[in-house]
Amino acid sequence: MAKWILRLVALAYLLFLLILPIGLIGWRTFADGLAPVIESLTSEEALHAMRVTVEVAIWAVVLNTVFGVGAAILLVRREFPGKRLLNALIDLPLAVSPVVVGLALILAYGKYSTVGGWLETAGIQVIFSVPGMVLATVFVSLPLVVRAIVPVLEQMGDDQEQAARTLGAGGWATFRRITVPGIRGALGYGIVLCLARALGEYGAVAVVSGKIVGETQTLTLFVEERYLNYEVLTAFAAASLLALVAVATLLITRVLRPKEGN
Amino acid sequence: MAIEVRDVSKSFGSTPVLKDVSVDITSGSLTALLGPSGGGKSTLLRVIAGLETPDAGTVTISGVDATRLSPQRRNVGFVFQHYAAFKHMSVFRNVAFGLEIRKRPKAEIRKRVDELLQLVHLEQFRDRYPAQLSGGQRQRMALARALAVEPEVLLLDEPFGALDAQVRKELRTWLRRLHDEVHVTTVFVTHDQEEAMDVSDSIVVLADGQVQQAGTPQQLYDEPASPFVMSFLGPVTRLDGRLVRPHDIDIATSPEPGTVEATVNRIVHLGFEVRVELQARSAAEDPEDVWVQVTRGTAEGLRLRTGDTVHLRAIPSALSLTV
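Top line first, the protein sequences correspond to chains E and X. Sequential numbering of the first sequence, starting at 1, is according to this note's numbering. Sequential numbering of the second sequence, starting at 1, is according to this note's numbering.
Bear in mind the hints are in silico, worked out from the structure with no lab data behind them. All figures in this text were calculated on a predicted structure; none of them were measured in a lab. Please note: incorrect hints may appear among the correct ones.
Which residues of chain E face chain X? A partial, calculated answer using Cβ under 7 Å [unchecked claim]: (1) Asp-158; (2) Gln-160; (3) Gln-162; (4) Ala-163; (5) Arg-165; (6) Thr-166; (7) Leu-167; (8) Gly-168; (9) Gly-170; (10) Pro-181; (11) Gly-185.
Quick reminder that beta carbons are idealized off the backbone N, C-alpha and C, glycines included.
Using the sequences plus the hints, can you model the full thing?
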């Protein structure tokens, strides 16, 4: 009996928290059929927002993958002063609110800061532009790749890498032929997780982008803007698209997640 | 000399692991680095391979100073205790790895790998993955992989340590035969004196980061340089303040010149061998526990019983060392 009540409670909880809201979005989106949805998603602003989102996400994923693999190898394979500090710093983005991240980036790279002013004279605009949005997205999704790889690297040990060295492989060949295949599953998992986070990021990007329609507007910002302008159907259509992408990435992570005892 | 290690020292943090170690390994020999765990033998092997850098001293391989060479330039084969199999590669690809890195032609690689797989009796497993092999098979694969690049020296770090007793014995006989076929200078680390005596033609005893003695198994057994070496190379016991091998003690029922009186505490029958545990009372020393190894026939001839008083003496040819 208690078992059934527990199941019912869990199900009801998920129903009201997840399934109902997301289901309603889907239902409201497609209430008038497919045509208006397609129309609202193919408007120039919508397409531009998608392009910006993808561009920012790809940059963030690439940077976080390179940094993540490097940092993970550094943390697991090397001893150096400041290792514990680096380890703690990597988790910082999880603790800091994205809005704070955005404001901090404006403070550091805005027009009136030293670095920002210097970059501005060099012709690079960071804040209210794509570089700043990439920075913000990289910041909030920083730990995802590192934290996915570290346990797998630890479990793998360095025996195989050392064996490769004695067989004549240099550092790069060892990395490419032994380390990467060894962490492939975890790396894929981390990348997909990072991609999902990057596509859905709102807070930090909202602050640094300046929300310039048709320029620095990402899909999440597009949803908000259309909703505030009473274009409810467009907002819902874009939101459905985001939800769909999220579900897809979730499914991919299911497949890629390192299996236990493997 | 295939390998010359000169005055090598190495510390991990503040713990010295190797202190001024010098070792010569003759070309074509099969040498055992024998010693208790923590004695520095694995570290010495890793220094030879280039996997550890010594704090001081030099390593020369085939006449070339290799002290500062990275492992991939030393042309050594290294076999790890836990196999270090490349898990994502088939047996064939594992063995081919070193040759692929050296960009040898495909046909040559296939021929060489097939030869080696035949040598280690794994030819029917070439397309399997390491996870599908037993421990002994994995270790043979690792050996083939190390041999594939025709190394100047083959280094094995407790190669049979992770295997069960049966497979261990098989593999060490097999290693001996392999060495007779391939003739590559081989150094292997072990803490098992029987394994070292059985397989190698020279032994280096390493303890506390120092070479205790080096020589042929026979030399080490017949002329141990210290009580430590003697006790490490086989069972020993103490009689009258001296270290003696338990099969070198005579049990007599009546006192004779030079005998020590003793009481039988326990008699253990181990098949053919009988182990007699006694308490000896020599004039000068405090009572001490002694054990004597006799054959079943001798034990029966003496009609030994627990509680009997007997008289012990080292046989004339016995090797004994003062402790």
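Right, here's what the structure says about each hint:
no. : hint    : result
1   : Asp-158 : 9 Å, violated
2   : Gln-160 : 5 Å, holds
3   : Gln-162 : 6 Å, holds
4   : Ala-163 : 4 Å, holds
5   : Arg-165 : 4 Å, holds
6   : Thr-166 : 4 Å, holds
7   : Leu-167 : 4 Å, holds
8   : Gly-168 : 5 Å, holds
9   : Gly-170 : 6 Å, holds
10  : Pro-181 : 4 Å, holds
11  : Gly-185 : 10 Å, violated
Violation of the numbered hints given earlier is confined to hints 1, 11; the remaining hints are satisfied by the structure.
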